[in-house]
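Line order of the protein sequences matches chains A and B. Quick note on the numbering used here: the first sequence kicks off at 1 and runs consecutively. Quick note on the numbering used here: the second sequence kicks off at 250 and runs consecutively.
It is worth saying that the hints were derived from the structure and are not from the lab. Certain hints may be false.
[Said to hold, decoys possible] Subject to a maximum C-alpha distance of 25 Å in a straight line, what follows is the list of computed BS3-like cross-link-like pairs (lysine-lysine):
| # | chain 1 | residue 1 | chain 2 | residue 2 |
| --- | --- | --- | --- | --- |
| 1 | A | 123 | A | 178 |
| 2 | B | 369 | A | 6 |
| 3 | B | 470 | A | 23 |
| 4 | B | 379 | A | 23 |
| 5 | B | 354 | A | 93 |
| 6 | A | 23 | B | 354 |
| 7 | B | 369 | A | 123 |
| 8 | B | 379 | A | 34 |
[Claimed, not checked] Quick partial rundown of chain B residues pointing at chain A, CB under 10 Å, derived from the structure:
| # | residue |
| --- | --- |
| 9 | 350 |
| 10 | 354 |
| 11 | 359 |
| 12 | 378 |
| 13 | 379 |
| 14 | 383 |
Idealized CB from N, CA, C, for every residue including glycine.
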Amino acid sequence: MNSDLKPRILVIEDDLHIAEGLKLNLALQGYDVKIAQNGPAGIQMWREWRPDLIVLDIMLPGIDGLSILRNIRLEDEKIPILILSAKATTDYKVKGLSYGVDDYLTKPFSLEEFLLRVDRLVKRASWSNSESDLAQGINAEETERFSFGNNQVDFKTMTADCKSGQVRLTEQEAKLLKLFLLNPGQPLSREKLLQIGWGYTKGTTTRTVDNFIVRFRKYFEDNPKNPSYFVSIRSIGYIFYADPDDKAE
Amino acid sequence: MNRPNWLIHPVFILVSSILALVLSLFLYIYWYIEISSGLRSIIDRFNLDTGQFLTSQTWVVILVLTVLVGVIIMGIFIIFVYNLKTLRLYRLQHNFINNFTHELKTPVTSLKLYLETFLKYELSRDDQLKYTHYMLADTARLSNDINRILNLAQIESKSYAEAFNLQNLPEAIEQFYHSNSHLFRDCDIKIHLPHNRAYFYRIIPSMFEMLLMNLFTNALKYNDAAVPRIEISFHEKRKKMVIRFKDNGIGIAKAELKKIFKKFYQVGRSDDMSAKGSGLGLYLVDHIAKIHKGKIIAQSDGIGQGAVFCLILPWRH
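Only chain A is shown next, with the shape it has when bound in the complex (with noise of 0.2 Å):
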């Protein structure tokens, strides 16, 4: 956190008005903002501005808000993201939600609420960056550590421990690895695994997805030939299931 700055604020929105409308007054308010008008480009500004709020729209062109939210997620999981979208449906919420937004509001939505639970957001991710590493490191312990089959995975040190020993996971190894791990029976189109796990789509092809399912089954199966956690589905993409018996439902 930059606490002796103004707080960074990043709004990734593809209407300019809106964008534009939310950046003065943000910026009335004392925030330094920066618009985003593409899910790309979301992407890169939060990797490069490394703001300390994220305001995101559902919609948008390149990929959509809650692919960029999961990407985020995958490395980050304390920065605050608020959704500000005009999907208004509790479908479209508790997906939001259960994809780690720490709040939603539906357009068109009131500027004072907005600026408040932005303030809130704020305020409380700075408090919780204050607080002692050591405590934090004892709630991080459950999202860094996974283990299935006679696997071990730690993503605080990268490594895994498998059958071949202990390997030594690449950052995009890890953040694939980490979305897989997180959602146990759920089918993952390869399509989407691009969009989340590296945050774009132009110039790289669906291979690549394949090539680093090839390299998991080669660390974690015990017959890579025949894999029981990384599936494929046909026509669709991967599935990762924690416990091989569960296919069998």
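Add chain B to chain A, keeping to what the hints say.
Then chain B, alone, in the frame of chain A:
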């Protein structure tokens, strides 16, 4: 991901009912032959007069039964296809409601946001002007959306009140561009006027304007180029006049070229939120072209290659 049940369901019903019908046809014929041969053996045994019992020919009976069952199967099939179409339309309409809500909510959100900002802060005159223009643009967008819905009803019911009007098309298009130039400020729009040539055609001015507006805004909306460009040119082809609207936009995949004129159809999918807008624009364009006795076709070399929309009107010297 998991395919909806309705698709598998009607197909299953269709197949099983056709199988049942075919089976029953087979049984009708089988029993008929069985019974008539039994009857024949009785006739033979008791030496009765054959003409009394077996007047009709076996093959005629089989033929009639087959034709009837064939008609029933065809009927089932037509109902099935009709049902599929209704379901498709229903799904598209659902998409439409989803996307159009978004389309309506966006300008309302923006308007509300700026009005509340004006209430909350004393902005400088320059800022006020800037944001007031934003709000005006939003109201224009809203009223466009509303008009599109109203026009749709009007065009579909063919109850347009306005009369046809003889106009020089190149002039009409130029006129349209000049009166709406504020909408196309950062774009490069070229109208290649034909030399010493007037193309008079009977049009309904407000409808024709709607057609142009849709073609123009599409060319600019689906465009990633730094400077969006539209080139309009006029061509004569035998007994036809072709007006070409060429843009440098994102282009259209081959498979989509015809579909884009369907009602509620949108390139992109609603489940990954890549589809936006109403899915009505080109449907209206197509209808308006038909009202003017012409047609509209789309051409594109594929994604990233730009697109050409040709308005083809019947025309004689």
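Against the structure, the hints come out as follows:
no.: 1; hint: A:123 <-> A:178; verdict: 29 Å, violated
no.: 2; hint: B:369 <-> A:6; verdict: 22 Å, holds
no.: 3; hint: B:470 <-> A:23; verdict: 24 Å, holds
no.: 4; hint: B:379 <-> A:23; verdict: 14 Å, holds
no.: 5; hint: B:354 <-> A:93; verdict: 17 Å, holds
no.: 6; hint: A:23 <-> B:354; verdict: 19 Å, holds
no.: 7; hint: B:369 <-> A:123; verdict: 22 Å, holds
no.: 8; hint: B:379 <-> A:34; verdict: 19 Å, holds
no.: 9; hint: 350; verdict: 7 Å, holds
no.: 10; hint: 354; verdict: 4 Å, holds
no.: 11; hint: 359; verdict: 4 Å, holds
no.: 12; hint: 378; verdict: 14 Å, violated
no.: 13; hint: 379; verdict: 9 Å, holds
no.: 14; hint: 383; verdict: 5 Å, holds
The structure shown violates the earlier hints numbered 1 and 12.
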